[in-house]
Amino acid sequence: MVDITVSKERSFPKQEFTDSEAGALVFPSSTSRSYNYFKPAKLRATMYEDVTFDVQPDPDRHLSQGWIYGFANGPGGYPKDWTKLVSSDWHQFRDPNEEWEKTIFRNNAAVVRQISLSLENAKRAKAYSHWNSSWTRFIERNLGAWMHAENGLGLHVFTAVQRSAPTNMINNAVAVNAAHKLRFAQDLALFNLDLSESDIGFDGSVHKDVWKNDPAWQGVRENVERLTAAGDWAEALFATNIVFECLVGVLFRSDLLMQISARNGDYITPTIVGTGENDYSRDLGYTRALFAMLTRDENHGAANKAVLNSWLATWVPQSITAARELQPIWSQPNEKVITFADSLESAKNTFRTVLGELGLNIPKELDS
Amino acid sequence: MSRQSLTKAHQKITELSWEPTFATPATRFGTDYKFDKAPKKDPLKQIMRSYFPMEEEKDNRVFGAMDGAIRGNMFRQVQQRWMEWQKLFLSIIPFPEISAARAMPMAIDAVPNPEIHNGLAVQMIDEVRHSTIQMNLKKLYMNHYIDPAGFDITEKAFANNYAGTIGRQFGEGFITGDAITAANIYLTVVAETAFTNTLFVAMPDEAAANGDYLLPTVFHSVQSDESRHISNGYSILLMALADEDNRVLLERDLRYAWWNNHCVVDAAVGTFIEYGTKDRRKERDSYAEMWRRWIYDDYYRSYLVPLEKYGLKIPHDLVEEAWNRIYNKGYVHEVAQFFATGWPVNYWRIDPMTDVDFEWFEHKYPGWYSKYGKWWENYNRLRYPGKNKPIAFEDVDYQYPHRCWTCMVPALIREDMVTEKVDGQWRTYCSETCAWTDIKAFRPEYEGRATPNMGRLTGHREWETLHHNRDLADIITDLGYVRDDGKTLIPQPHLDLDDPKKLWTLEDMRGIPFGSPNILLNEMSDADREAHVAEYKLGGPAGRPAAKAGV
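If you read the sequences in order, they're chains A and B.
Adding 3 to a residue's 1-based position in the first sequence gives its number in my numbering.
Adding 1278 to a residue's 1-based position in the second sequence gives its number in my numbering.
Treat the hints with caution; some may be incorrect.
Here's a subset of chain B near chain A, in silico, CB distances under 10 Å, partners left out [to be verified]:
1) 1305
2) 1346
3) 1802
Once the Cα atoms are required to be at most 20 Å apart in a straight line, the calculated SDA-like pairs of lysine to any residue come out as [stated by the list, open to error]:
4) 1560/B to 83/A
5) 1607/B to 1644/B
6) 105/A to 1607/B
7) 1323/B to 125/A
8) 211/A to 1642/B
9) 83/A to 296/A
10) 211/A to 1607/B
11) 1290/B to 139/A
12) 1318/B to 1346/B
13) 126/A to 1607/B
14) 1286/B to 83/A
15) 1642/B to 1744/B
16) 42/A to 1421/B
Simulated from the structure, these hints should not be mistaken for lab results.
Positions of the beta carbon are idealized from the N, C-alpha and C atoms, including for glycine.
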């Protein structure tokens, strides 16, 4: 029998109709319904601008008392001299991807679903059982090695850099780039795990040795480690997204894996790697917009180009070497759909196009 | 993802890190802490594959609630008294959130543990989420609430306002100075683990009681990410404790971080909850009661005290003194009174307190009326323009306070004020601990030990200094706190929008000079200053000058 006892009297706040909705009265500013402290790029501010602009304050704009905490040896906040590049107005930068909270989770969750579905279907269809052993070795070694590069860049270039740029618009774009890299690295690692658990004799641990010791990958590893060591945030961003990604990342992902997987009986790898390429396409978009703003700066464009050209002189030989050292892996699969020379030329062409858009010199290493 | 597969997946992604041999990641941010002997501590297992869909689902719920609020005409029943304070709160909070994102690489630089790095990187994405979702909530308020003025100027006002600057510590403190002091102890161990309870749980509860269910929707969604952040902080704290050399720094940082969070967060959130609500049910918890539950019991007794067995020196004295300030010394009431005194330089409106409020305050804080009642009656009497100046410039037995150099909340508990000449300047502090923070803690040496990575207190720390001897009308114009007719002020000391004659304009402010207590203090002779400080310390409560103190 249910025991009914008298409970303590419950207490609720009183509901009250206050008529406090927009338009209930007309008075000064009663229709002032847009953020009015920044100039949108177009006539009306986008949602992205509204939720991003000026959230990171700037003593050159409204921050009247200045930064109230400093570092031991310098000012706090986001000093503009943390890069050699100079802008007449860093706040002009807008992320063409207009990333904010909603887009970050919507886009990345969609990628997660796409990959999960592909992997589930692959398991159900026993898709890996069609792989020949040379392809299995190719994936376990090379895609396995590559995921380290993605993770290292995600953590020690992009996550690090998003602390340093002078505006919220730049730092948020870089933070989203970091999220892409880390998610993609993990996607590759979990793909590796799936393959280890399939019955095709896939060695899920050899990637560590390949990344650390295989001569073909040491140029890439050195390039990645040196990128993480670049102290100037804009240099790290430029050398990674413009130089390394064009010459090594796209070369490996797009000009190799995406071209040869299908002919080697693998329709899963391109599905996963394609998401990384899609991420990079977005990330290259904001990076181009940022550096185009800097090279076209009325007051500092020429000086910025000189700095960027000097960075090209440092980083292009590094990435070209990394790319060339990868050459042996082109001959590893049974089906050799594309030559290394063709892949590298394709990557160089993309790189030339990007440099041309930025008005930068075409380094001589590209012609060798 | 099942627990078993999550563990396996997490194990797998730990294989992604490696020991570099060609070059090591740039160390942009230093720390005086050492982690050479630290055992690697695991934070919560976090994987992007489960993280993104989980957050997307949380977002869908938030955005669904937002649509529902608009369709259901939520703003017909929100209390303006409450919503006005959101103009301040929501101008501040997106900056601490995004600062927390920016703080993550500082912690990554400092702590050699790849498993924690992964957790910190996920936290970075969370914080971008929080910052932009809060900006979006504010935009919704601006679009649908009766009075958008103040929301429309939000990030500019945050950056040039005295209260915004107080709040900015809760943000700049995360990203500047010693990486562990900032990104671990101040941000995670204290701000997130302790004070998000009042910020993101207690305050939304009060919002709901005032007809606003969107603040709870957004902030509870935010708070549901905090447990992972707390886990990150705890892991790093345990690693730091493994090295004896870190103990003295941990003690320093816990004292600083605890006290600064108390000064800043309790000032703001305490005011919002106690003076921004219309819910005066006697059984409704006061801020002091909420604090006792969320901070004292849940944080101090359940989280902090157990860490003593690992060698962490807990600032018991400061926890007790924070409670003493809140419950016995009227900290929140003094702050609310100060905000209301300074209404002409705010960007929100402040509703006068009524008899119903008086009764509730007296019930929750016995003796409240004898201290603060008269002043709030004067506030009510002086709320319209025409016959009087703003209350700060009328004789209502209120001495405009000195500002604390460290926490930048004024020295409102007058007897506790400390005055010292530091770096060639006479500075005032609200408490011994804030004086210690500036004079001892934020220095390149601490207790005989070099602390080259410790940050510095910088900037124009007394807001009034910027506006000393200027006309109040000019100050308000420069700040931009003027409505779109070019003359009516955004701030008002009441909520009556129905009659233009009740609204203060720039002309009502013309001819009123504004002064900086700190400049005046530094201009005094030693004898005058000594007498002034002695008299100031005899003043209060409720800002009464010494001659009338206790009356």
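Hint-by-hint comparison with the structure:
1. 1305: 9 Å, holds
2. 1346: 15 Å, violated
3. 1802: Hint violated; residue 1802/B Cβ to chain A Cβ min 24 Å, cut 10 Å.
4. 1560/B to 83/A: 53 Å, violated
5. 1607/B to 1644/B: At roughly 12 Å apart (the allowed maximum being 20 Å), residue 1644/B and residue 1607/B satisfy the hint.
6. 105/A to 1607/B: 44 Å, violated
7. 1323/B to 125/A: 26 Å, violated
8. 211/A to 1642/B: 63 Å, violated
9. 83/A to 296/A: 16 Å, holds
10. 211/A to 1607/B: 61 Å, violated
11. 1290/B to 139/A: Since the Cα atoms of residue 1290/B and residue 139/A sit roughly 19 Å apart, the hinted pair holds (cutoff 20 Å).
12. 1318/B to 1346/B: 46 Å, violated
13. 126/A to 1607/B: Given that 20 Å is the threshold and the Cα spacing comes to 67 Å, the pair is violated.
14. 1286/B to 83/A: Cα-Cα ~43 Å, so violated.
15. 1642/B to 1744/B: 38 Å, violated
16. 42/A to 1421/B: Given pair residue 42/A, residue 1421/B holds - Cα atoms ~19 Å apart, limit 20 Å.
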